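Here is how the chains run, residue by residue.
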Amino acid sequence: DTGVSQNPRHKITKRGQNVTFRCDPISEHNRLYWYRQTLGQGPEFLTYFQNEAQLEKSRLLSDRFSAERPKGSFSTLEIQRTEQGDSAMYLCASRPGGSGRFPDTQYFGPGTRLTVL
Amino acid sequence: TQLLEQSPQFLSIQEGENLTVYCNSSSVFSSLQWYRQEPGEGPVLLVTVVTGGEVKKLKRLTFQFGDARKDSSLHITAAQPGDTGLYLCAGAIKDNFNKFYFGSGTKLNVKP
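Keeping their order, the protein sequence lines are chains V and A. Position 93 (the first sequence) corresponds to 94 in my numbering; numbering is contiguous. Position 19 (the second sequence) corresponds to 23 in my numbering; numbering is contiguous.
Source of the hints: derived by calculation from the structure; they are not laboratory data. On a predicted model such as this, the values are computed, not experimentally measured, just so you know. Idealized CB from N, CA, C, for every residue including glycine. Careful, some of the hints might be misleading.
[Claimed, not checked] Pair by pair, the computed Cβ-Cβ distance ranges are:
| id | chain 1 | residue 1 | chain 2 | residue 2 | range |
| --- | --- | --- | --- | --- | --- |
| 1 | V | F75 | A | S16 | 23 to 29 Å |
| 2 | A | K98 | V | L40 | 45 to 51 Å |
| 3 | A | S31 | V | S67 | 28 to 34 Å |
| 4 | V | L61 | A | T81 | 35 to 41 Å |
| 5 | V | T3 | A | E42 | 19 to 25 Å |
| 6 | A | K103 | V | R82 | 26 to 32 Å |
| 7 | A | S11 | V | F75 | 35 to 41 Å |
[Claimed, not checked] Straight-line distance between alpha carbons at most 30 Å, and here's what the computed DSS-like set of lysine-lysine pairs gives:
| id | chain 1 | residue 1 | chain 2 | residue 2 |
| --- | --- | --- | --- | --- |
| 8 | V | K58 | A | K60 |
| 9 | V | K58 | A | K103 |
| 10 | A | K98 | A | K60 |
| 11 | A | K61 | A | K98 |
| 12 | A | K115 | A | K63 |
| 13 | A | K74 | V | K58 |
| 14 | A | K74 | A | K98 |
| 15 | A | K103 | A | K115 |
| 16 | A | K60 | A | K115 |
| 17 | A | K111 | V | K12 |
| 18 | A | K111 | A | K98 |
| 19 | A | K61 | A | K74 |
| 20 | V | K72 | V | K58 |
| 21 | A | K74 | A | K111 |
| 22 | A | K103 | A | K61 |
| 23 | A | K103 | V | K12 |
| 24 | A | K61 | A | K115 |
| 25 | A | K111 | A | K61 |
| 26 | A | K103 | V | K72 |
| 27 | A | K98 | V | K58 |
| 28 | A | K60 | A | K111 |
Taking the hints into account, I'd like the entire structure generated from these sequences.
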């Protein structure tokens, strides 16, 4: 399977705990995105990597959120001291670089559903 | 306010009917994408439109990008229950093509 994969698919945690999600992008894609989606809404941009460099972060990404892409391949998103308002679907997407046929197109993973009790 | 406004938010129709979903903005986009998302899953790409005025057809789905690249529409002919889902438009604006903005989606329910 050459699609974007995310793990875990579901995570239930208690308020105040830390959680970490992983995203494995399509192998030849050098750009990687994290989004958050709440019920009934479209995905909201959180952050963007080109290779290992984190080039843009949303104001939505508070100090409790951190994302890494250490070798320019997989990425992790960590949320520290989770709050009930963090409950959402966390989506990862990857995108080819350069001037390919559809340079603007993203391909999404299945998401990680986080529930904070 | 969102950069991309989608309408309608909800649509419930009978199998066989036609429908159109709209995606509008005051900003110019370098391209627009349409996705369909099912509950508990990530969005699945349907199409990318890149040229103002472009029309793309995917079986019963017709996508149009406005001449000024500020709006797009998705038309479904003879809707089927399998078309049920959340339809999302997304795009990168001309001044920052690294960041994508999404509409809030149109939830379509096609009743058999």
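Each hint, compared with the structure:
Our hint of 23 to 29 Å for F75 of chain V and S16 of chain A is violated, since their Cβ atoms are close to 40 Å apart. Evaluation of the 45 to 51 Å hint for K98 of chain A and L40 of chain V yields a failure: the beta carbon distance comes to about 31 Å. The supplied range of 28 to 34 Å is met by S31 of chain A and S67 of chain V, whose beta-carbon atoms lie about 30 Å from each other. Separation of L61 of chain V from T81 of chain A is about 38 Å and conforms to the stated range, judged on CB atoms against 35 to 41 Å.
A beta carbon spacing of about 21 Å between T3 of chain V and E42 of chain A agrees with the range 19 to 25 Å that was offered as a hint. Range check, K103 of chain A to R82 of chain V: Cβ separation about 27 Å, and the 26 to 32 Å hint holds. At about 38 Å, the beta-carbon gap between S11 of chain A and F75 of chain V stays in the expected band of 35 to 41 Å. For the suggested pair K58 of chain V and K60 of chain A, the alpha carbons sit about 33 Å apart, so the restraint of at most 30 Å is broken.
The straight-line distance between the Cα atoms of K58 of chain V and K103 of chain A is roughly 10 Å, inside the 30 Å bound, and the hint therefore holds. As the CA atoms of K98 of chain A and K60 of chain A are separated by approximately 21 Å, the hinted pair is consistent with the 30 Å bound. Proximity of K61 of chain A to K98 of chain A is assessed by CA-CA distance (about 24 Å); at most 30 Å being required, the pair is judged to hold. With a C-alpha separation of about 20 Å, the suggested pair K115 of chain A and K63 of chain A falls inside the 30 Å cut-off, and the hint holds.
Taking the CA atoms of K74 of chain A and K58 of chain V, the gap is near 25 Å; set against the 30 Å cutoff, the hint holds. Note on K74 of chain A and K98 of chain A: the hinted pairing holds, with a Cα-Cα distance of about 10 Å set against a maximum of 30 Å. Of the pairs offered as hints, the one joining K103 of chain A and K115 of chain A is violated, with about 36 Å between alpha carbons and a cut-off of 30 Å exceeded. Under the criterion of a C-alpha separation no larger than 30 Å, the hint pairing K60 of chain A with K115 of chain A is consistent with the structure, at around 26 Å.
Between K111 of chain A and K12 of chain V the CA atoms are separated by roughly 25 Å; this keeps the pair inside 30 Å, and the hint holds. The hinted pair formed by K111 of chain A and K98 of chain A meets the criterion: a straight-line CA distance of about 28 Å does not exceed 30 Å. Of the supplied pair hints, the one linking K61 of chain A and K74 of chain A holds, its CA atoms being roughly 20 Å apart against a limit of 30 Å. Of the pairs offered as hints, the one joining K72 of chain V and K58 of chain V holds, with about 19 Å between alpha carbons and a cut-off of 30 Å not exceeded.
Our distance criterion of 30 Å between C-alpha atoms is met by K74 of chain A and K111 of chain A, whose separation comes to about 22 Å. Annotation: proposed proximity of K103 of chain A to K61 of chain A holds, straight-line Cα distance about 26 Å (limit 30 Å). Between the alpha carbons of K103 of chain A and K12 of chain V the distance comes to roughly 27 Å, so the proposed pair stays at or under 30 Å and holds. Proposed proximity of K61 of chain A and K115 of chain A is supported: the alpha carbons are some 23 Å apart, at most 30 Å.
Our distance criterion of 30 Å between C-alpha atoms is met by K111 of chain A and K61 of chain A, whose separation comes to about 21 Å. With a C-alpha separation of about 22 Å, the suggested pairing of K103 of chain A with K72 of chain V holds against the 30 Å cut-off. Restraint check for K98 of chain A and K58 of chain V: the C-alpha separation of about 19 Å stays at or below 30 Å, so the hint holds. The straight-line distance between the Cα atoms of K60 of chain A and K111 of chain A is roughly 22 Å, inside the 30 Å bound, and the hint therefore holds.
Hint compliance for this structure: hints 1, 2, 8, 15 are not met, and every other hint is.
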